[in-house]
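Protein chains in written order, with the numbering used here: chain A, 1101 to 1260; chain B, 1101 to 1260.
Just so you know, the hints here were simulated from the structure itself, not pulled from any lab data. Mixed in with the good hints, there may be bad ones.
Pulled a few chain B residues facing chain A out of the computed Cβ check, cut under 8 angstroms [unchecked claim]: (1) F1139; (2) Q1173; (3) V1222.
Pair ranges (Cβ atoms, derived) [stated by the list, open to error]: (4) Q1253/B with Q1242/A: 25 to 35 angstroms; (5) Q1173/A with N1151/B: 29 to 39 angstroms; (6) R1216/B with L1176/A: 52 to 62 angstroms; (7) G1219/B with S1257/A: 14 to 24 angstroms; (8) G1164/A with Q1253/B: 41 to 51 angstroms.
Cβ coordinates follow ideal geometry from the N, Cα and C atoms, glycine included.
2 protein chains.
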Amino acid sequence: MQRKSLISDECPIARSLERVGEWWSILIMRDALHGLRRFDEFSRSLGIAPNMLTRRLNGLVEVGMLERRPYSQRPLRYEYVPTAKGEDFRMVLMSLVAWGNRHYAEEGTSVEVVERQTGRAVQPMMATAEGQLIPLDQCVVQAGPAASTGMRQRLESIPQ
Amino acid sequence: MQRKSLISDECPIARSLERVGEWWSILIMRDALHGLRRFDEFSRSLGIAPNMLTRRLNGLVEVGMLERRPYSQRPLRYEYVPTAKGEDFRMVLMSLVAWGNRHYAEEGTSVEVVERQTGRAVQPMMATAEGQLIPLDQCVVQAGPAASTGMRQRLESIPQ
Chain A
1101 MQRKSLISDE CPIARSLERV GEWWSILIMR DALHGLRRFD EFSRSLGIAP NMLTRRLNGL
1161 VEVGMLERRP YSQRPLRYEY VPTAKGEDFR MVLMSLVAWG NRHYAEEGTS VEVVERQTGR
1221 AVQPMMATAE GQLIPLDQCV VQAGPAASTG MRQRLESIPQ
Chain B
1101 MQRKSLISDE CPIARSLERV GEWWSILIMR DALHGLRRFD EFSRSLGIAP NMLTRRLNGL
1161 VEVGMLERRP YSQRPLRYEY VPTAKGEDFR MVLMSLVAWG NRHYAEEGTS VEVVERQTGR
1221 AVQPMMATAE GQLIPLDQCV VQAGPAASTG MRQRLESIPQ
């Protein structure tokens, strides 16, 4: 991974991407959050070369997105289970589903996200902790308590 | 971009990533949505090699995330402005901010997302079109009208 500027490094998007910004890793997390567990399942789903898949799975274990658990002792075989942090990545995937459906599903949607009980379509929106929905164009990014001077200047330099 | 299986190709996440799954492209979209417009601004912000930046900007123009607009005739200079599709990518970035803040901000957050008018913290949640919030663990992925038989089988094969 190429090194970026300090400011970029402080940004939560840059930090996230540094961990899982790699294309295959995100598809592996998609499959893991969809219930796939074993090497062969990921391999079949993704059509990815075995050495590449091994490397990506190891990477996701290293950054704490997946946990490796033995499911057979002889031969020793592992399955890969999302951690709490990995589970929490689901919202990012939901955003990608929604965006992909809006812009790259000219022939209709192949995949939809719905409420389990009612079947109603759902999509990501911004909301306060109290559950009030806020239109995306009313949401702005600002410096948090741990922001460096550089980050503060950067965030204040641009009218939003 | 390496070719994946047909099923993978039908998935809106895979489709999205095919267009902008590349790490630098997402950071460029972050900056563009934050108001950066000119080559030098992106270059300063990202600390990326000029030839790499040119390639990524061209790529984002090609997939319709950014629009190239002349701002000077002599010398001819362009700025890069998010299209409607690029604007709509903001929710994906918001999800990355929220996830990065939850998991990679041990020392406190450097960047927060708040409602412009009130300063209240906001974060991505799933909601119906009527604005009812639905807990993420109540949201499931199902086959849409355009799903192939393969995609249907895939989505039905896993208990959610």
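Here is how each hint holds up against the structure:
{"no.": "1", "hint": "F1139", "verdict": "violated, 16 angstroms"}
{"no.": "2", "hint": "Q1173", "verdict": "violated, 26 angstroms"}
{"no.": "3", "hint": "V1222", "verdict": "holds, 5 angstroms"}
{"no.": "4", "hint": "Q1253/B with Q1242/A: 25 to 35 angstroms", "verdict": "violated, 46 angstroms"}
{"no.": "5", "hint": "Q1173/A with N1151/B: 29 to 39 angstroms", "verdict": "violated, 52 angstroms"}
{"no.": "6", "hint": "R1216/B with L1176/A: 52 to 62 angstroms", "verdict": "holds, 55 angstroms"}
{"no.": "7", "hint": "G1219/B with S1257/A: 14 to 24 angstroms", "verdict": "holds, 19 angstroms"}
{"no.": "8", "hint": "G1164/A with Q1253/B: 41 to 51 angstroms", "verdict": "violated, 32 angstroms"}
Violation of the numbered hints given earlier is confined to hints 1, 2, 4, 5, 8; the remaining hints are satisfied by the structure.
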